[in-house]
Amino acid sequence: MQMPVPDSKVLAQKSEILARLRTVLPDNAVISDPVETRAYECDALAAYRCPPMLVVLPSTTAEVADILKICSEFNVPVVPRGAGTSLSGGALPTADCVILGVARLNAVLETDYDNRFIRVQAGRTNLSVTGAVENNGFFYAPDPSSQLACAIAGNIAMNSGGAHCLKYGVTTNNLLGVTVVTMAGEIIEIGGAHLDAPGYDLLGLICGSEGQLGVVTEATLRILHKPEGARPVLIGYDSNEVAGACVSDIIRAGVLPVAIEFMDRPVIRAAENFTHAGYPDVEALLIIEVEGSDAEIDSQLARIIEIANRHNPVALRESASAAESANIWKGRKAAFGAMGQINDYICLDGTIPVSQLPFVLRRITEISTKYGLDVGNVFHAGDGNMHPLILYDANKPGDLEKCEDMGAEILKLCVEVGGCLTGEHGVGIEKRELMNAQFTPADLTAQMNIKDVFDPAWLLNPAKVFPLKASESRRQA
Amino acid sequence: MTPTSEKDLAELVAVAKNPLEIIGGGSRKGLGNAVSGDALHTSGLSGITLYDPGALTLVAQSGTPLAEIETALAAENQMLPFEPMSHAIVLGNDNTPTVGGMVATNASGPRRIKAGACRDSLIGVRYVDGHGQVIKNGGRVMKNVTGYDLVKLMAGAHGTLGVLTEVAFKLLPSPETQATLRFELPLKDGLQKLRDVMASPYDVSGVAYRDGVAFVRVEGFEDSVKYRAKKIGGDVITANIWPEIRDAINVKGDVIWRLSVKPSDAFAVASQLAEQGFETPLFDWSGGLIWVTSGDGSDAPRQTVNKFGGHATLIKGDGHPAFHPEPAILASIATGLRAKFDPRGIFNQGRMA
Ligand SMILES: Cc1cc2nc3c(=O)[nH]c(=O)nc-3n(C[C@H](O)[C@H](O)[C@H](O)COP(=O)(O)OP(=O)(O)OC[C@H]3O[C@@H](n4cnc5c(N)ncnc54)[C@H](O)[C@@H]3O)c2cc1C
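Line order of the protein sequences matches chains X and P. Under the numbering used here, the first residue of the first sequence carries the number 1, and numbering increases by one thereafter. Under the numbering used here, the first residue of the second sequence carries the number 478, and numbering increases by one thereafter.
For reference, chain X alone in the conformation it holds in the complex (with noise of 0.2 angstroms):
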C-alpha cells in the first residue's frame, strides 16, 4: 500500500512539536517513545502498520483545539483514532503524523428521557453509550458488531452500520448534534436536541466524512425506548442463492424486520466452533429477528415463517428463550473474529441492490474458483451491505496481493450491478484507488472542494478516502 512520503521537515522539528503540545497537555497525555507509540502503529485493518511520530491523549474539547492549532503551526499531519477498529485503514498513521485518540473523552454529559437524548463525549464506546441508559429501558439503535470496543466518534467517522440498522438506520440517522474543532483549531456545534439544524446539513457532512473534516469531541444521540420484546428464527438453506431469493421474498412481502443477516457454510462452521451458538450445519443460514410484544413477534414470525417455508428450508428454528436469542447474536457478532482463529482474511464491504444477492453470490463463487483463494460470506442481507471474507495466507509470498486483487474484482462487480464499494466500513486507505471506478473525477473533485473548505492544508488524515493521484496536488500544497 503506497503511502505519502514523511514529511522530513515536521520529522526535523519533532522535539519542538512535543515540546508545544507538552504545555497544553499532562505530561501522561502526550507518548513520544517508540515503544509505546507503536501501540497506535494499526488498526484492524492490520496488514498495514506504521508507527506515528507521536501520540496525544486529551480529555476536553479546549485540549483538543490546542493541539490541533500547534498541529497547524507546524504543518504536521493529523490522524483521529477512536478506538482502532476500523476495517479500512481509516485509523492508519503515516511515520509523520500525530494520532490525536479520543479515548480519554468518554463521559455523558447529559441523559433526557423526555427528549430522548444522551450527550457524551466521543470517545466513550458504542455499548457503553446504551450501558448508560439501559436501566432506564432505552438504548442507542446503531449496533456494529465491534460495539464492545469501538467509539461513537469512529461510528461518526465511518457513518457505522450494524445488524439491527435495517430498522433503526445507521449512525447519520441517529445522531442530533456533534462538537466539532476544525484543524484551525476552531470549536463548531452543530444541531443539538431539536430536529433539523438550519442552513446546510453539515451534520449529514460531517458524519462519514473519515475524520477529514474536523475532530469530533461531543455527540448528541438518540436514545429509543427498547421494544417490548425481541426473537430471532434461524433458517438454513442448501444453497446461498435460495437464501438471497428468501430475503427478497421477505422484503417484498412488506414484512420488515429488525434485521436480516446472512452466513454460509464456512462462516456459520467457525462461529459455531468459536461459540457452540448451536447453529445448523448448512450451506446458508439466516438470523431474522423480529421486535414487539410476544403476540406481535408470534404473527410477524408466522408470516416470516410461510414465506421461507415456499423456498423449503433445510432447517428452521425459532428462539425459545432469551438465553437462546442472546446465543444466536452471539455467534453472529463473534463470526469475524472466529473467522481470524482459523485464517487470515480480508473483509470486504460492498453493497448491492438486495434483488441482485442471488446473482452476486453466485458470482463471487466464480470469482473464487478464479483465484484460489476461499471466500465466507457473511453480512446484513436485509439492506444488501455484503462482507465477503477473503481467506489468505499471510506467511505465503504474494497471496495478500492476490487476495486484494480478488477483492477488487467483486468491489468492482458490486459497482457493476448498482451498488457501491462500501456499506459501512469507510474507504480508508483499504478501497481509495478503487474510488475511481465508482466516481469520475468531477465527482471526487467535488468531494475534495468539501475538504478545501474544512481543512485547507490538508492535515486532517490526508491520505485516505482519495486516490493519492488526485489529492495529490492538494496535499503538497
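Hints should not be assumed to be uniformly reliable.
Just a sample of chain X residues kept apart from chain P, beta carbon distances all over 10 angstroms, derived [claimed, not checked]:
1) Ala95
2) Gly161
3) Asp196
4) Pro227
5) Pro353
Straight line, CA to CA, 27 angstroms or less: simulated DSS-like cross-link-like pairs of lysine-lysine [said to hold, decoys possible]:
6) P:Lys729 <-> X:Lys167
7) X:Lys226 <-> P:Lys793
8) X:Lys412 <-> P:Lys613
9) X:Lys469 <-> P:Lys729
10) X:Lys167 <-> P:Lys739
11) X:Lys69 <-> P:Lys817
12) X:Lys226 <-> P:Lys707
13) P:Lys708 <-> X:Lys226
14) X:Lys167 <-> P:Lys707
15) X:Lys469 <-> P:Lys613
16) X:Lys412 <-> X:Lys9
17) X:Lys167 <-> P:Lys665
18) P:Lys613 <-> X:Lys226
19) P:Lys591 <-> P:Lys708
20) X:Lys226 <-> P:Lys591
21) X:Lys370 <-> X:Lys412
22) X:Lys167 <-> P:Lys817
23) X:Lys226 <-> P:Lys817
24) X:Lys330 <-> X:Lys402
25) P:Lys729 <-> P:Lys739
The hints are simulated quantities; they were obtained by calculation from the structure and are not laboratory data. Ideal Cβ positions, reconstructed from N, Cα and C, are used throughout, including at glycine.
Since chain X is already given, all that's left is putting chain P with the ligand on it; use the hints.
Relative to chain X, chain P with the ligand alone:
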C-alpha cells in the same frame, strides 16, 4: 428555460450569463428569501428512472410530479417513509409539487419522528453544479458510505448548491393499517402525553396536538396496531387526520413561522409567544415542531427560540430573513461551500442567506 435532458441542462448552466431561479412545480415558491433570476424549470426532466420494489428503492428525475411517484408506489404497497408535506396550502397556491423541490426543501411530515426526514431516505443524487458539470453522489443502495455524503448536503440546500437532476430514495412497505388515538387535554398535559408516548416501546408514527386534542398514530399489521392502540389508550377515531396535520391546513394567515425546538421546551415557547399575541395552531413531532401565526410582525418567535435553543423559519411574511441566522463560523463554512459548488453565484442567489 425548460431543458428536457440532464445534458441540455448542464450546457445551459455552463453558458448562463445571468443568475437563475430554479423552479420545480412552484408549489413551494415563497419558501426562503425571494430571489431574482431567469426562470429555470425542471419540469422537462420528468419520469421514474428505476423502481425496484424488491430492493425498496426508487430513482426519479427531479422534475417528476410527486403524485406520479406516489401512484407508482401505492400500486406496490410501498411509500416514501418521511410523509412529505405539501407547502401549497400554507403558501396559498395550487401548484403541484415535484420530487426535486421536495428534496431541495427536505420536506418531511408527521412520520419524521419515526422514519426520519427526507434526507434520511434520500440515498442518491445527480446534480449540475455551477460550472455546468454533472456530479453524482450516493447511489441506489440503502447502505453506502463511499466518499463524503453530499446527498445530505443537497437535501435542504434550497437549490443554492446545484440543480438536482435525479434523486434516489429508499422506501418502506406501506402499513397494512393505522389507528389514531385522541386525548382531550390542555396544551401542557397534551404535549407531555405525546412525549410519554414517544418514550414508550409502542413504536408510534405520529404525535401531534391541535385544538385542545393530542393525537397519536400507530401503524403496522392489524393485530399489532390493535394491541399497541390498546396499550396507549385514548379514544380511537376513524377519520384520517394525518394528511391535514402533514400539510398544516389549519395554519392560516399572512405571517407563518415554523419553529424547531426541543419537545419539552414547546409549552414554554408557546406560552411566551401567546403573551406577545402570537398563536400556535399546530404542534407536530410531540412539540418539536411548532407552527406560529399572527403576532405583531416582529421576529419574537426567533428571539424566543434563541432563549431555548432551536431555530425559527419564516415560512410566509416579510421583514425578516427566512432562515434563522447562523453563528458566524457556520455561516462562513456555508459561504465557503457555496463558493465551491457555485463559484459564479448563479443558483437561487440569496435564498438561504
Ligand atoms: C470485529 C469487527 C467487527 C466490526 N463490525 C462492524 C459492523 O458491524 N458495522 C460497522 O459499521 N463497522 C464494523 N466494524 C468496523 C469498525 O468497528 C467501525 O468502523 C467503527 O466505527 C470504528 O470505530 P473506532 O472507534 O474503532 O474508530 P477508529 O478505527 O479509531 O477510526 C476510524 C475512523 O474514524 C476517524 N476518527 C476517529 N476518531 C475521530 C474523531 N474524534 N473525530 C473525527 N474522526 C475520528 C479515524 O481517523 C478513522 O478514519 C467492525 C470492526 C471489527 C474489527
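Evaluation of the provided hints:
no. : hint                  : in the structure
1   : Ala95                 : holds (26 angstroms)
2   : Gly161                : violated (6 angstroms)
3   : Asp196                : violated (6 angstroms)
4   : Pro227                : violated (5 angstroms)
5   : Pro353                : violated (4 angstroms)
6   : P:Lys729 <-> X:Lys167 : violated (36 angstroms)
7   : X:Lys226 <-> P:Lys793 : violated (40 angstroms)
8   : X:Lys412 <-> P:Lys613 : holds (17 angstroms)
9   : X:Lys469 <-> P:Lys729 : violated (56 angstroms)
10  : X:Lys167 <-> P:Lys739 : holds (24 angstroms)
11  : X:Lys69 <-> P:Lys817  : holds (25 angstroms)
12  : X:Lys226 <-> P:Lys707 : holds (19 angstroms)
13  : P:Lys708 <-> X:Lys226 : holds (15 angstroms)
14  : X:Lys167 <-> P:Lys707 : holds (23 angstroms)
15  : X:Lys469 <-> P:Lys613 : holds (20 angstroms)
16  : X:Lys412 <-> X:Lys9   : violated (39 angstroms)
17  : X:Lys167 <-> P:Lys665 : violated (32 angstroms)
18  : P:Lys613 <-> X:Lys226 : violated (38 angstroms)
19  : P:Lys591 <-> P:Lys708 : holds (18 angstroms)
20  : X:Lys226 <-> P:Lys591 : holds (14 angstroms)
21  : X:Lys370 <-> X:Lys412 : holds (16 angstroms)
22  : X:Lys167 <-> P:Lys817 : violated (36 angstroms)
23  : X:Lys226 <-> P:Lys817 : violated (43 angstroms)
24  : X:Lys330 <-> X:Lys402 : violated (32 angstroms)
25  : P:Lys729 <-> P:Lys739 : holds (24 angstroms)
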